[in-house]
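> Below, each chain spelled out in residue letters.
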Amino acid sequence: MKILVAVDQNPYSAHAVVEVARLAANTWANVSLLGVQSKNAPAQAAADGSVSRALFEYRQRFLAQFDGKDCPYAQAALDPALVEVAKKVYEARPPSPAARKNLTLRLRIGSLGREILSEAREAQSDLVVLGCDPANGCGWSGGAGVPLKVANEAPCSVLVAKKKKAVKRIICCLDQDRVSQPSLEMINQMVTLHDGAQLVIIGIGGHEQLDAGVEKKMDRILRYYHARGIDPWIEMVDADALDAFVARESRWGMMAFWMGPQSILEKVFPRRKVNKLIKGGDASVLILR
Amino acid sequence: MDDGGGIMGTREENRMMDMLISLKADLASSIAFRYACRLADLAEIHLQTIYVEEVEKEGYPPGSGWVRSTWETGLIETAQREIAQLINTEKTHCPVLDEPIVRIGEREEELLKEVKREAYDVFLEGVLSSSDERLFYQKMRSKLYRQLACPIILVKNLVNPARVALVLAEHKDVKPLVNTFANLFEKSKLSVDLVYVKANRNVPAENQKIPAGTAGPEWEDARHTLDDARERLAFHGWTPQESWILQERPQAIGEMLAPYGLVGSRLPRAVHKSNMVMDLLSRVSSATLLARN
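Order-wise, the sequence lines are chains U and P. Here our numbering is used: the first residue of the first sequence is 15, the next is one more, and so on. Here our numbering is used: the first residue of the second sequence is 9, the next is one more, and so on.
This list has only true hints and no planted wrong ones.
With a straight-line cut-off of 27 Å between C-alpha atoms, the simulated DSSO-like cross-links for lysine-lysine are: (1) U:Lys287 x U:Lys163; (2) U:Lys182 x P:Lys217; (3) P:Lys147 x U:Lys230; (4) P:Lys32 x U:Lys231.
It should be emphasised that the hints constitute simulated quantities derived from the structure, not laboratory data.
Produce the entire structure from the sequences given, and follow the hints as far as they go.
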């Protein structure tokens, strides 16, 4: 698994790094911490400017989540300057000896959203994580719409992590026609990450019942999780009532949506509503692709 | 103490609980059946499944004799195949099961007849948890629920049934609810808590969860009810692990009961939306044990 954590220098990014460290402790993922520096900043700042320094601090914060002997990432100090590895792309020199898993520090020069998306594509990331603060509409300084742009355009799954009280329930609106194994795995990881959180799988129906095909799919999902020792709840929601349901249930801390191409879910809960949830709600939002 | 057990009566000592499980070929039944299997791991239960093939009146063939008999046999065989598929998937995780009973006719009528014929100790079925609580009320007001003589377990989700909460809203709930629970689960590995609820749609949002032992004099009715319930449980050899008083909105109480795998309550004779306990039960996500008066 490859996780890309896009960071800026705000406290929500520190929170996102810690969340990813806890996730990585379970998955032993290859993790890349990415900062983006404005193209207007002096060239030298890329190697050792404030964004670069923040990346090194986040690395320390990430590693602090591991017990020394169980850590699959190299813990040795790194050369404190980034080196240019491609045009307008900088990276910390990898530690020696190499560790079992990679924890990479990367910096790109350009506009925030575009560079994060380019990195996700080039690195073939499975998940992009970025933090934001709902108190300011989940915008980033220097690029107000960054989390929304990444959530909408990334080629992979995206977690917009908001710092709030503990996640008590993970509410999953899956596309009932196209649930993929990786998305089930991703949710599995979220349940592990938020120990004790109740997983709730939403079945979207009409006229107080679910279609027989949807029921079969839900049954398979249930069995998948039972085999992993997780007892999800199933909740049936009429398509007409999904809006109100999401607004009410987002208080539990995390909402997950399948948003693949031609997703049926998009018809009943279009992207603009997911965007509203990202911008305005307290809940972290996981977009599954 | 009168240990009559009300309508249900007391099971003969050392006899397994006889449970009738109503199945259909759907998700709610699959969940309910697996829940029953988990319950049977924790208590001595004989599971009997039943499937009713419903046929519209106009679907019946004219006449009688071998034409009708052949038609019925065909229907039963199809139904048996459908339900066997569901049961066989679970057989390895479930205690030994008898062959399912298959009936043709109107579902509620056939279930009532079967319960009356065999005098089951408890009836269990599933319903999908829904954001629309009308489904729950439809069940509660159904002819089946009004006329069944035995207690009912309604399963919404597959959870671990090991922790039970007995919900008491007034003193008259104590006898039917505690007796039902104690008789059904006489020999089991369940643990039980007592919860006195004062559901109120107008209370402020902060939750009030008071350990019964620390409740002040304003909670005298609650303490009296909980003391009697404890005494009655003790008579049956049970000690509740915890006793709580909850004063909250029904939705919040429903959520506070989420850690329990089975929530018991007395089923009132008439189910109104204004009944706060029914309101909170409609919001319970696990399974509900409904005791008769």
